[in-house]
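Asks: From first to last, the protein sequence lines are chains A and B. Using UniProt numbering, the first residue of the first sequence is number 1, and each one after it goes up by one. Using UniProt numbering, the first residue of the second sequence is number 1, and each one after it goes up by one.
Just so you know, these hints were derived from the structure itself, not from any lab. Since the structure is predicted, the reported quantities are computational estimates derived from the model, not experimental observations. Mixed in with the good hints, there may be bad ones.
[What the hints assert, rightly or not] Below, in silico cross-link-like pairs of lysine to any residue (SDA-like), each with a Cα-Cα straight-line distance of 20 Å or less:
| id | chain 1 | residue 1 | chain 2 | residue 2 |
| --- | --- | --- | --- | --- |
| 1 | A | K256 | B | G291 |
| 2 | A | K27 | B | D57 |
| 3 | A | K256 | B | S133 |
| 4 | A | K27 | B | R123 |
| 5 | A | K27 | B | L150 |
| 6 | A | K256 | B | E66 |
| 7 | B | K268 | B | Y54 |
| 8 | A | K256 | B | V136 |
| 9 | A | K256 | B | F154 |
| 10 | A | K256 | B | Y54 |
| 11 | B | K268 | A | G155 |
| 12 | B | K268 | A | I153 |
| 13 | B | K268 | A | G206 |
| 14 | A | K27 | B | L130 |
| 15 | A | K27 | B | S133 |
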Amino acid sequence: MTESTAFAAVAMPSAGARLRRRVFGHKSLVFGASLLAVIVLVALLAPLIAPYDPYAQNLLARTQPPVWYEAGTWAHPLGTDNLGRDYLSRMIYGARISLVIGFSVMVISGLIGTTMGLLAGYFGGTVDLVVTFLVTTRLAMPVILVALAIVAILGGSLLVVVLVLGFLKWDRFAVVMRSATQQVRSQDYVAAAQAAGASTPRILFGEVLPNVFAQLVVVATLEAASAILLEAALSFLGLGVQPPLPSWGLMISEAKAYMFFSFWLIAIPGTALALLILAINLAGDGLRDIVAPEGRE
Amino acid sequence: MLRFATRRLALALLVALTVSAISFFLLRLSGDIAIALAGEGARDIDIEAIRAQYGLDRPLLFQYGEWLLQVLGGDLGTSLFFRTSVGALVLDKLPVTLILGISSLLFALLISIPLGVLAAIYRNTWIDRLALSIAVVGQALPNFFFALILVMIFSIGLRWLPVSGSGSWQNFVMPTIALGYYVAPAFMRLVRAGMVEVLSADYIRTARAKGLSRRSVIVKHALRNAVVPVVSLSAVQLGYLLGGSVVIETIFALDGLGFLAYESITQKDFPVTQAVVMLLSVFYVLLTFVGDLVNAWLDPRIRVA
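Produce the complete structure using the sequences and hints provided.
Replies: In structure tokens:
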């Protein structure tokens, strides 16, 4: 270590420490990320913490209310559904479905959209025109309607929902990655790599992608939330994940018939969905503040 | 301006054409329509007859061309379920969805513009934070869950509003709220950001220095400029609202395009599904086209791009 860097280290905190302070000083980011971490942990440990088998029916214990109702017992803290299945266990396993959907759709649409955005932003010209046209066309199609129609044709299953949403939701990735790449393209290090004779894939993945990665992460978080909401809506309409899978959207749909007497059957999965989306959105918004400080005022 | 408009129009037409092709082929590739038409338990010979009758044995591209010509001529085909003209069916349901879309948009603007303005004026105070919290929570609440909460409160609890149907204005109250609240946060953020920017501009300081009242400066000078981007976002959001009406109309059994689309999907009534997808896409293309033109007219810098 030279004298000057040693001096700098004393004078001001390292870049890492400053970043850490900015991340941990951001209250809503910390809150969102912690909440998300708890939900992920619950989903991962589902077999260990779920008190019952989420599919096990008990017709002698149907629609028992949660523990905070007078008739509720600790045997079923969140009560049971109309088939006597333990609601807490179903909620815990349901977290897995939402997270798997959010993550897989994010990966598929992220791959498609990022590739399109990188190519459009880097090459410009005709490539840019084609990508812009594709994005405009995609935006013109009503997502829910098209997704419903395709799921109805192919039959509802977790895989089908993931694929349909993955192939429909790349638009925001493409838009954001395109403009981010356009900004990076004119930087000196890209010109230097070109001058050094680096191949195009090498420049795209070695120079451009790492420099737009922060923006990519922000879009990815927000898109995961939107995918989770869409799956819930599809399952709610009966054209998403099929019974007996404990998807939160499907659980709300199944509870609709009992909403008059047992509104908690809807309120519990609905609140869980809202909390999950809230956690992801807060984390995403927080990340955007950290990544692009000029966005704050 | 004319060159800008022509280029945008060409793009809009190309997009509409592509969407028509996608919606046609997607539903054709989905399975054998002749079997669906013949119904369950039909004999092979019946299926063959239907195939020939409807021209389903010809090349797909040929069928698409024919369908497109028919659509351009105003003939959207015949519903497999209702056995009536799809065009008449869609026209019949369109008003309900248009009313719902426009009222939801107005509802969203009605809550988001005042909140956005207040948040900008009282920036970084509890008012700003409250407005932001409302926006964040609003965006996390699934609209079908919110719709059921409304039903629980206003229909089952207070007995003020009917649960379903589309006969009177009361049927539109809950669907409007359930559909509109979700787009409000985007407007609120836009208005807030616009107001924050405008309020620090020189001409606002000039207006204040001239001795104009605070209210007059905010309403006459600042808001008028901050609202410009809201106009073009409205066009885009109206397209989104018309598409999002599928979920809300289904919950409230509101007899509009969205409910019709949902029913057609579950009944495999593909000419109807196709027509609704086409119509909503063309609406969206049209709205963004108009939005672009309005923007270019308001801000000459855009025309160059």
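Asks: Decide, hint by hint, whether the structure agrees.
Replies: How the hints compare with the structure:
1. K256(A) to G291(B): violated (39 Å)
2. K27(A) to D57(B): Violated, at roughly 63 Å.
3. K256(A) to S133(B): violated (29 Å)
4. K27(A) to R123(B): Holds, at about 18 Å.
5. K27(A) to L150(B): Violated. K27(A) to L150(B) sits at ~31 Å, over the 20 Å cutoff.
6. K256(A) to E66(B): Given pair K256(A), E66(B) is violated - Cα atoms ~44 Å apart, limit 20 Å.
7. K268(B) to Y54(B): holds (17 Å)
8. K256(A) to V136(B): violated (26 Å)
9. K256(A) to F154(B): holds (16 Å)
10. K256(A) to Y54(B): violated (41 Å)
11. K268(B) to G155(A): This hinted pair holds, its Cα atoms lying about 12 Å apart.
12. K268(B) to I153(A): holds (8 Å)
13. K268(B) to G206(A): violated (48 Å)
14. K27(A) to L130(B): holds (15 Å)
15. K27(A) to S133(B): holds (13 Å)
Violation of the numbered hints given earlier is confined to hints 1, 2, 3, 5, 6, 8, 10, 13; the remaining hints are satisfied by the structure.
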